[in-house]
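Chemist: Single-letter residue listing:
There are 2 protein chains.
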Amino acid sequence: MNTLLLLAHPNLESSISNRRIIETISSLKDVEVHSLYNLYADKKIDVAAEQESLVKSDLIIFQFPMFWFSAPPILKTWQDQVLSPGFGFGAAQEDFKLKGKNLLLSITTGGKREKYHVGNSYNYTLDETLRPLQMMVNYCKMTYKGYIQSNGRPFTEKEDLDKEIINHTEKLIAFIKDF
Amino acid sequence: MNTLLLLAHPNLESSISNRRIIETISSLKDVEVHSLYNLYADKKIDVAAEQESLVKSDLIIFQFPMFWFSAPPILKTWQDQVLSPGFGFGAAQEDFKLKGKNLLLSITTGGKREKYHVGNSYNYTLDETLRPLQMMVNYCKMTYKGYIQSNGRPFTEKEDLDKEIINHTEKLIAFIKDF
Numbered sequence: 001m002n003t004l005l006l007l008a009h010p011n012l013e014s015s016i017s018n019r020r021i022i023e024t025i026s027s028l029k030d031v032e033v034h035s036l037y038n039l040y041a042d043k044k045i046d047v048a049a050e051q052e053s054l055v056k057s058d059l060i061i062f063q064f065p066m067f068w069f070s071a072p073p074i075l076k077t078w079q080d081q082v083l084s085p086g087f088g089f090g091a092a093q094e095d096f097k098l099k100g101k102n103l104l105l106s107i108t109t110g111g112k113r114e115k116y117h118v119g120n121s122y123n124y125t126l127d128e129t130l131r132p133l134q135m136m137v138n139y140c141k142m143t144y145k146g147y148i149q150s151n152g153r154p155f156t157e158k159e160d161l162d163k164e165i166i167n168h169t170e171k172l173i174a175f176i177k178d179f
Numbered sequence: 001m002n003t004l005l006l007l008a009h010p011n012l013e014s015s016i017s018n019r020r021i022i023e024t025i026s027s028l029k030d031v032e033v034h035s036l037y038n039l040y041a042d043k044k045i046d047v048a049a050e051q052e053s054l055v056k057s058d059l060i061i062f063q064f065p066m067f068w069f070s071a072p073p074i075l076k077t078w079q080d081q082v083l084s085p086g087f088g089f090g091a092a093q094e095d096f097k098l099k100g101k102n103l104l105l106s107i108t109t110g111g112k113r114e115k116y117h118v119g120n121s122y123n124y125t126l127d128e129t130l131r132p133l134q135m136m137v138n139y140c141k142m143t144y145k146g147y148i149q150s151n152g153r154p155f156t157e158k159e160d161l162d163k164e165i166i167n168h169t170e171k172l173i174a175f176i177k178d179f
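Chains as they are written, first to last, in this note's numbering: chain Y, 1 to 179; chain U, 1 to 179.
Honestly, the hints are just simulated from the structure, not real lab data.
Calculated cross-link-like contacts (lysine-lysine; reagent style DSBU-like; alpha-carbon spacing at most 35 Å): (1) K158/U to K44/Y; (2) K112/Y to K141/U; (3) K112/U to K115/Y; (4) K43/U to K158/Y; (5) K43/U to K145/Y; (6) K99/Y to K43/U; (7) K145/U to K112/Y; (8) K115/Y to K56/U; (9) K112/Y to K101/U; (10) K145/U to K145/Y; (11) K97/U to K112/Y; (12) K112/Y to K43/U; (13) K99/Y to K112/U; (14) K112/Y to K44/U; (15) K101/Y to K44/Y; (16) K112/U to K44/Y; (17) K43/Y to K97/U; (18) K145/Y to K99/Y; (19) K43/U to K56/Y; (20) K115/U to K99/Y; (21) K115/Y to K115/U; (22) K43/Y to K141/U; (23) K97/Y to K112/U; (24) K56/U to K112/Y; (25) K158/U to K43/Y; (26) K141/Y to K115/U; (27) K112/U to K145/U; (28) K43/U to K44/Y; (29) K56/Y to K115/U; (30) K44/U to K43/Y; (31) K115/U to K97/Y; (32) K44/Y to K115/U.
Construct the complete structure from the given sequences, taking the supplied hints into account.
Modeler: Okay, structure coming up:
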């Protein structure tokens, strides 16, 4: 089984959680990691290369820090360009090149998971922030495998953060290995 | 009452709906229009200028074509940069500079409104695509004024499209004037 992980972190050098997660995941067998901001600093996505990697993959993972209840903008640039008509969707069945492939989300949030509920300043659940990505999965006839989430900076104490990152990474490794 | 409309269309020259809507809205009194892709072709947002315009506004409108169930990426770039700590939110009450301001969404979609439901290939409602923006509104202590939506290209016949655009524009003008 081949895994493609797309990382969307605008400043990986100053990242704590995402950088550590990625360093571990990159060493796994059969996992290809695309750090989108590093690969495409000029925001010009190599659409053909991305599509080729997708076609070879069984499991696709979007890894990102959540800012303003969604992914950093390059992931949207990637979606708008890579999931083109005739590849991501279309009039014919064969236009859905990602059909049956699996998508897992791997997310770090500033706000703790328990902050996401009605009555809080967010007023929606964490799951609800992911609707646009879930809809993309549905539209492309992929299979949604849910999400792994941990609480990153800036609201976490050092020790808690270590625990969060290790826990997140272990869950992600287990998911990939059991897949 | 001052209105600030942020337009996020990556290719306004080839747009039909958004261009016509904007041409009309731009001529209204007390409405400032920022076409983000035209102003910031290099993706470098003038944060100070954007914040200054926001502070002067009572009603803020996000106008965009919906691709992949969310806005084009520049609107996310704008959010991540302009709604900074101490302006969009923060530890103190005075850090919420947008508190009490109103946000309206003005959206064109390829898929018709009635396609957005459980059981369809989207499998969620149109309202649910907007959760991340609604959460931003909540988090910034703004007031959410809902959305105006019309069905743009490519799935609409010419005559229907004209009707949709006129209807959308009229609703938007009425909202701004009645505000």
